[in-house]
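*Asks:* Here is what each chain is made of, one letter per residue.
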Amino acid sequence: MNYAAKRSEGAVPLSDMDQAWADLPDEDFTRLKDSARQTDAIARPSKSYWQDAWSRFRKDPLAMIGLFIIVVIAIAAIVGPWLSQYTYDGQDIANQNQGPSGEHWFGTDKFGRDIFVRAMYGARISLTIGVAVAAINLVIGVIYGGISGYLGGKVDMVMMRIVDIMIGVPDLLYIILLMMFLGNTIESILLAMSLTYWIGTARMVRSQVITLKHQEYVLAARATGSSNMRILFKHLIPNSMGPIIVTVTFLVPSAIFTEAFLSFLGIGIQVPMASWGTLVNDAVPTLFTQPYQMLFPAIAISVTMFALNFIGDGLRDALDPRLKK
Amino acid sequence: MGKAKQSLVEVRNLKKYFEVQKSFFGRSSTLLKAVDDVSFTISKGETFGLVGESGCGKSTIGRTLLKLYEPTGGDILYDGKSISSLKHKEMMPYRKKMQMIFQDPYASLDPRLTIAEIVGDPLVVHNIYQGKDRIDRVKELIELVGLKADHLNRYPHEFSGGQRQRIGIARALAVEPEFIVCDEPISALDVSIQAQVVNMLEELQERFGLTYLFVSHDLSMVRHISHKVGVMYLGSLVEYADVNELYTNMQHPYTRALLSAVPIADPDTAEQSERIHLQGDVPSPMNPPSGCTFRTRCPYAMSKCAEETPKLRDMGNGHMVACHLIE
Amino acid sequence: MKLLDVQNLRTTFHIEAGQVQAVRGISFHVNKGESIGIVGESGSGKSVSMLSLLKLLPSNAKLEADSVLFDGIELVKTDQKAMRKMLGNDIGMIFQDPMTSLNPLFTIGEQIMEPLRIHQKLSKEEARKKAIEILRTVEIPSPESRLKQYPHEFSGGMRQRVMIAIALSCSPKLLIADEPTTALDVTIQAQILDLMRDLRNKMDVSIVMITHDLGVIANMCNRIVVMYGGTIVEQGTTREIFYEPKHPYTWGLLRSIPQFSEGEKKKLISIPGSPPDLLRPPQGCAFTARCPHAMKICEKLPPQQISLSDTHQAACWLMHPKAAPHAKEVIS
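Protein chains in written order, with this note's numbering: chain A, 1 to 325; chain B, 1001 to 1327; chain C, 2001 to 2332.
There may be inaccurate statements among the hints.
As the list claims (entries may be wrong) - With beta-carbon atoms standing in for the labels, derived distance ranges:
hint: 1; chain 1: B; residue 1: L1086; chain 2: A; residue 2: G152; range: 19 to 25 Å
hint: 2; chain 1: C; residue 1: Y2150; chain 2: A; residue 2: V12; range: 50 to 56 Å
hint: 3; chain 1: B; residue 1: Y1300; chain 2: C; residue 2: N2103; range: 36 to 42 Å
hint: 4; chain 1: A; residue 1: V139; chain 2: C; residue 2: Q2080; range: 21 to 27 Å
hint: 5; chain 1: C; residue 1: A2017; chain 2: A; residue 2: I75; range: 31 to 37 Å
hint: 6; chain 1: C; residue 1: S2142; chain 2: B; residue 2: R1313; range: 35 to 41 Å
For the record, the hints were derived by calculation from the structure and aren't laboratory data.
This structure is a prediction, so every number in the text was calculated from the model and none was measured.
Cβ atoms here follow ideal geometry from the backbone N, Cα and C, with glycine treated the same way.
The following block holds chain A by itself, in its conformation from the complex (with noise of 0.2 Å):
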């Protein structure tokens, strides 16, 4: 007979209960030990920011998806090239503007170029400008951004004023002029790049630090005697990190597709060398002919662009779990 299968509802006086509760075994009313006692135990596995983050981030399957797509592309970037017969500026006349076939998967252009490795020689140039300009713009916006918020008052005013006035000329047309004086090249277009696209990471930065820099626990660092380096860097920064993440995460299809945009315009990487945007460019021509050959790179372009929105989607979701809904 067990005194738990027959306990009863509702509360019965002490004279009412049953024999099997007064004759549960003398052993269990022995006292425990007070070290037998967990007092201060915790019953949760330990979990960090990140990996919390992690786990949430895996939940959402066009993320996933995302990922892996970035992963594919990324890696048919660094190791297709190498595999292939072909070679991005191996010409072969007898071999011009084929269409797709076991030889050439995406067919060849107007020199006999394969397109499917020429397509994977662009994914290395837009995903390497697509990295770099997103890197470059998180760092001088972490730094711009963190010490206007942290330091505030006049050295803010001031930092925040010529934001503004950068932010006043339109993007495209410093861009041009300087692609125009620079010269072509993956450098220069980095360059034009990194002048100004940091301005949103650095007034999002600006703007976390300021909610964070009253928090207590920025008070216990200041009376421990942290200098003010190591709170920004140590403490508030850190703490900014989900939001910088996807904000940076956002940079990377729009200078992407921005360096396309030039190429296309023909400003951009120059021939031989291929990015999407130049194969966009050198399609042109025939593309009422052979409509494969701007078909394939646009695809490319598109499918990268879709891919990482839901990264920087999914990403904002598990970072931010407070924005969801």
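Since chain A is already given, all that's left is putting chains B and C on it; use the hints.
*Replies:* Chains B and C in isolation, oriented as in the chain A frame:
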């Protein structure tokens, strides 16, 4: 009170005004007098309790003492030396001697750092204890506050409010301070946990000879833990005395009203007790009443109270009161 | 006569890590015209139990109960729409933070008149008159001009008075006050408690007061329910709880308040450790880990609710005859 105790912290006519910008262009700004001409002394090894309602400036005093705010006027002496005008570098040796425990156990620990990093942070900043010694010191500290070494790699959000507050205490103790400002350390905690934290503070005081400034709005806890108590209203100290003297012989009408407003956790006593009811709210510190700041809520206000600000007067035994009723 | 009768209420939150059993089978009732206090620490389930009855919890919470009768109506089956009609009309609520529970975009007058116009179908003019009258009842000076003001023009204490006015505007049968004075200063808290006591006597309303402060309910409530770890560990009249407590948690609560006799200070007796994580609730009594009198049985089996008088019930293994020698030692 025969023997003279050695004073550790001395506050002389401390003032802290904040500028509150009112107009859009920032031309005219109003001064918020958070702390206005406050003086008191804290003796070595004792607890000075500072009570008052929100906005009375009690937390500002604690923060100004640690130079987290620059004082507007007056002087702070630590162990006889003035620290009010020290710069960051000159202040560093004092940062090892003076520490702080915060009100909100959820906001006072950096959520991205592990407990080991949080407790070890002061050791890194002051560059004391290297390598394995540092790890051992952090373990020692966390066990001192009743937590286990295997909690060290966890993050703050995994702990309960009381556990977090103990982690905050461990961080404050890391640099072996002499003086700790406890800024409402129990007001965000449940009753059963409050007693836990207060007991711990008392044990640590005995063990390490600590001196506390205990800021709180809980009059019964302040009575329990303090040796001397100061009562604040709208930026000024209205009464201050040894704890037993203050609680058995309170003079200022505000002190009396404050104590009688505390709900009594005993139905029989609660039924019998007479309450002094204060009308209305605390006036805005940006536009305080003339003369005695308490006169707008004081049941005994006279015309003199509006004209003249009462000065702290010694009633004997070091019991100081600022009220025109007591002359 | 029972106004609210709750039988075996269970509330579970579904979160990523699993299921948090916030309330684990509690039964209590509120009589007409009575005020009861629910005491417990954060995470004990004291607020969740009331909010789940009123279906005010987020969608990841699930409520189960054998029965919840309010004024003869079964609430378990009532849908949210019907529930919303009842809220504000038959049941009024006051929350801890008067700043966030008022809408900053509407005047105080609009916010008081809204429930009157929705629930009682009063015309604009009637509602205005009623609103002025009710502001006068909660002792807000010059209510006519105050009606046109916005929440930020009121102090914390005044806002809480407005919340009480809104809660009482439709003359509810039950008023639920969730930590109504926790965010206020002591002198303001005293004002609000006095006001609530007055109103209780004047308006014939039953009150459920949720708090962690025993002082607040000592002279406010007739009966007290003590919750710990999602269960009720003890309930009884205020005098029974204060003067004849039977559960070690209640002892702990009472002893952790500073006591002074003739100015002599006693050491505080604190409850060690932290409350249990209800994601993995303890198998036996929830208080075992922190109880200085814990026995082996406490870890294994949850104790039975034992009734000690018509009003007093407690759930603790110390009351078992076999624990008698140990219990004697505890009491001495």
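*Asks:* Can you name, in rising order, the numbers of the hints this structure does not satisfy?
*Replies:* Of the numbered hints, just 4 does not hold.
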